[in-house]
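Keeping their order, the protein sequence lines are chains C and E. Residue numbers for the first sequence, in the numbering used here: 1 to 345. Residue numbers for the second sequence, in the numbering used here: 1001 to 1345.
Since the hints were derived computationally from the structure, they do not count as laboratory data. Only a predicted model underlies this, so the values are computations on that prediction, with no experimental measurement involved. No residue lacks a Cβ here, since even glycine has one placed at the ideal position from N, Cα and C. A hint or two may mislead.
Have a look at the derived ranges for each label pair, beta carbon to beta carbon [claimed, not checked]:
1) Glu227/C <-> Ala1297/E: 33 to 41 Å
2) Lys123/C <-> Gly1129/E: 51 to 59 Å
3) Ala1340/E <-> Arg92/C: 58 to 66 Å
4) Gly61/C <-> Met1228/E: 34 to 42 Å
5) Ala1340/E <-> Val51/C: 42 to 50 Å
6) Glu107/C <-> Asp1064/E: 21 to 29 Å
7) Thr138/C <-> Asp1119/E: 33 to 41 Å
8) Asp1119/E <-> Ala151/C: 54 to 62 Å
9) Ala1243/E <-> Pro106/C: 47 to 55 Å
Output of the computed footprint for chain E on chain C, the stretches with three or more beta carbons under 8 Å from beta carbons of chain E [what the hints assert, rightly or not]:
10) 214 to 221
11) 250 to 258
Some chain E residues close to chain C (C-beta under 7 Å, calculated; not the full set) [as the list claims (entries may be wrong)]:
12) Phe1095
13) Ala1142
14) Thr1145
15) Glu1215
16) Thr1224
17) Phe1226
18) Pro1230
19) Gln1275
20) Gly1283
2 protein chains.
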Amino acid sequence: MAVMGRSSRSLKQMIVAALMVAAASFGPGTACAQTGPLPSWNEGAAKRSLVDFVGRVTREGGPDYVPPAERIAVFDNDGTLWAEQPEYFQARFAFDRIRALAAEHPEWRDRQPFKSVIDGDAKGLAAAGQTGIVEILTATHAGMTTAEFDAIVADWLRTARHPRFDRPYDSLVYQPMLELLGYLRADGFKTFIVSGGGVEFMRVFAERAYGIPPEQVVGSSGVTRFEMRPDGRPVLVKEPRVAFVDDGPGKPAGINRFIGRAPILAFGNSDGDRQMLEWIAAGDGPRFLGLVHHTDAEREYAYDRQSPVGRLDEALDEAERRGWTIVDMKRDWNAIFPPAPRGGR
Amino acid sequence: MAVMGRSSRSLKQMIVAALMVAAASFGPGTACAQTGPLPSWNEGAAKRSLVDFVGRVTREGGPDYVPPAERIAVFDNDGTLWAEQPEYFQARFAFDRIRALAAEHPEWRDRQPFKSVIDGDAKGLAAAGQTGIVEILTATHAGMTTAEFDAIVADWLRTARHPRFDRPYDSLVYQPMLELLGYLRADGFKTFIVSGGGVEFMRVFAERAYGIPPEQVVGSSGVTRFEMRPDGRPVLVKEPRVAFVDDGPGKPAGINRFIGRAPILAFGNSDGDRQMLEWIAAGDGPRFLGLVHHTDAEREYAYDRQSPVGRLDEALDEAERRGWTIVDMKRDWNAIFPPAPRGGR
Chain C
1 MAVMGRSSRS LKQMIVAALM VAAASFGPGT ACAQTGPLPS WNEGAAKRSL VDFVGRVTRE
61 GGPDYVPPAE RIAVFDNDGT LWAEQPEYFQ ARFAFDRIRA LAAEHPEWRD RQPFKSVIDG
121 DAKGLAAAGQ TGIVEILTAT HAGMTTAEFD AIVADWLRTA RHPRFDRPYD SLVYQPMLEL
181 LGYLRADGFK TFIVSGGGVE FMRVFAERAY GIPPEQVVGS SGVTRFEMRP DGRPVLVKEP
241 RVAFVDDGPG KPAGINRFIG RAPILAFGNS DGDRQMLEWI AAGDGPRFLG LVHHTDAERE
301 YAYDRQSPVG RLDEALDEAE RRGWTIVDMK RDWNAIFPPA PRGGR
Chain E
1001 MAVMGRSSRS LKQMIVAALM VAAASFGPGT ACAQTGPLPS WNEGAAKRSL VDFVGRVTRE
1061 GGPDYVPPAE RIAVFDNDGT LWAEQPEYFQ ARFAFDRIRA LAAEHPEWRD RQPFKSVIDG
1121 DAKGLAAAGQ TGIVEILTAT HAGMTTAEFD AIVADWLRTA RHPRFDRPYD SLVYQPMLEL
1181 LGYLRADGFK TFIVSGGGVE FMRVFAERAY GIPPEQVVGS SGVTRFEMRP DGRPVLVKEP
1241 RVAFVDDGPG KPAGINRFIG RAPILAFGNS DGDRQMLEWI AAGDGPRFLG LVHHTDAERE
1301 YAYDRQSPVG RLDEALDEAE RRGWTIVDMK RDWNAIFPPA PRGGR
């Protein structure tokens, strides 16, 4: 065990050093002066609460010590690890996909909700309601094998650009959260995503973007059907049926079903994370509950109680009442995104 | 990365050493003479195929090298990691639970399937069919919080004894498979259970019995409901509804949904594992597919094509045809179970 302990510390030092190099490359005005962990986090209550929590649960012999196997940390994805405006990125993927398939579906030109998507008519799309969403999901997320879907998503991530930032969607991840993920992992935490997004969609980029392997991504999912193809090759076909919705009260259920152990640290950013935070807070032992508050219209977006996407209202009140950590993006983060990728991406 | 490489090798050496000490404690007639890995495996084709496969996928620069992150190994549970006769142990748990609750349910004395369970009437129970099974599952696996269910299972594991071996059920795990799990983990594999058994049932003992943490247990599951109790404490209540059946064609679907990455090694023991093995075999790159064949009536049980529990028929034919590894328990294993626990357990 002594070997593991040494290795764990060395690994941590290496990661911290790597993060400092990364931070230094941001150029003037950012984190150059910082020398400790979490360089993109400004000194303040939010950063202090994180560093203090990690220190307490990793101090062997201390009253709040948590063994490594129980250091489970869960993160919402949309609005917590990557951006979610002006629409959830997976919705943008679905709309782009409808437009890419439109040539093969001339009938869509006169049929809702497809007509609205093709025409970029937000009002018409809203009028199509829940039924419209199901039709779009069926047309874009079902009827192919799991491997085919992966390839479609990967291709979209390679080619699509965010309308405001003009860079790939999976580069619009929050630099301070990348540092936090690395900081936690260096301290023996296992980091998971617990998101309302589609699990198969997220797994295409989660390992590359966040260092979170597929088996640590929990999300909403559809039913798949095992099918033996005529050539004797078995495949899984994505069916147009929802298997599990990992949002709101579904998040604690998803943690129970997919992880099976109560996390000790959780981060969200919207009312959809409320029950997850409540359920985790109710466990025994030390707990860290955090919310990202989008307060920076200049560098990212500012929205909370009124936003149709990532609405943060009741959970914000509860976080204030219960003393959970609220990260004020504008005040607490000195960088938002990593530097834009060069070249083709 | 050099640090990690060194640590990984040291850890492996430590685990191999620990296994050798454990093997030596079995006493005469078992594995004392063995000095390499997998001491409870006799020299032969099965052991050779395992050691050869692990050697190939871990040899950096070799044609079959697989990076550690992709070294996913999956194991069925019933009949593969622990025994499953004379009935699946989870069924025995359910029957014991019915008998324990019978005093609170006088109406069960005259109602099927409960009457048959209480009287130990196998024929009556069989006559109750699928409906009977659902009623037993509802009475024993629903209507309580997830934490309450965990405590009930833990208590049963502490007190119940196997009818033939007179020892706790979770001590009837296969020593050679424990060694294999450790051997794989020392070589950077991540080991998962993928079983038709209930995921919440297995998670109570999987970490202690196999070193497999809850988040690496995939199984069948029921629906849970998030409920805020009057005292403000949120809980998850187990409902009498099946969410997912992780058996047969459900196993590849379960691997896709819960793990999201194709395993490179899989072990099963019955026709319920067939589609999982077929699907994994169809992937690119090196693959190891294995079946445990129960051939040892003296030390464990002998059963295959005709058994109502753990029936191995079509998968056995397919394994022979395709050259998958078939472990002949009697011939290939020099030990079956670890030494019986002492004292209260």
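Hints, one by one, checked against the model:
Hint check: Glu227/C to Ala1297/E, Cβ distance near 39 Å, so the stated range 33 to 41 Å holds. In this structure the supplied range 51 to 59 Å holds for Lys123/C paired with Gly1129/E, their Cβ-Cβ distance being about 54 Å. In this structure the supplied range 58 to 66 Å holds for Ala1340/E paired with Arg92/C, their Cβ-Cβ distance being about 60 Å. At roughly 36 Å, the beta-carbon separation of Gly61/C and Met1228/E lies within the given 34 to 42 Å, and the hint holds.
For the pair Ala1340/E and Val51/C, the beta carbons lie near 48 Å from each other, so the given range of 42 to 50 Å is met. For Glu107/C paired with Asp1064/E, a C-beta distance near 49 Å fails the hint of 21 to 29 Å. Roughly 51 Å separates the CB atoms of Thr138/C and Asp1119/E, a value that falls outside the hinted 33 to 41 Å. A hinted range of 54 to 62 Å holds for the C-beta pair Asp1119/E and Ala151/C, which are about 57 Å apart.
As the Cβ distance of Ala1243/E to Pro106/C is approximately 40 Å, the hint placing it in 47 to 55 Å is violated. Three residues within the 8 Å Cβ limit are the bar, and the region 214 to 221 of chain C against chain E gives 5, so the coverage statement holds. Evaluation of the coverage hint for the region 250 to 258 of chain C: fulfilled, as 6 residues show C-beta separations to chain E shorter than 8 Å, against a requirement of three. At about 25 Å, the closest approach between the beta carbon of Phe1095/E and any beta carbon in chain C exceeds 7 Å, and the interface hint on this residue is violated.
The restraint placing Ala1142/E at the interface with chain C is violated, with a minimum CB-CB distance near 14 Å, outside the 7 Å limit. Hint status for Thr1145/E: violated, given a least beta-carbon distance of 10 Å to chain C, over 7 Å. A cut of 7 Å between beta carbons decides the hint on Glu1215/E: the least distance to chain C is about 5 Å, and the hint holds. Taking 7 Å as the C-beta cut-off, the interface hint given for Thr1224/E holds, the closest approach to chain C being about 5 Å.
This hint holds: Phe1226/E has a C-beta 4 Å from the nearest C-beta of chain C, less than the 7 Å allowed. Look at Pro1230/E: its Cβ only gets to about 14 Å from chain C, farther than 7 Å, so that hint breaks. The restraint placing Gln1275/E at the interface with chain C holds, with a minimum CB-CB distance near 5 Å, inside the 7 Å limit. Residue-level restraint check for Gly1283/E is violated (minimum Cβ-Cβ distance to chain C is 10 Å; threshold 7 Å).
Going through the hint list in order, the structure does not satisfy hints 6, 7, 9, 12, 13, 14, 18 and 20.
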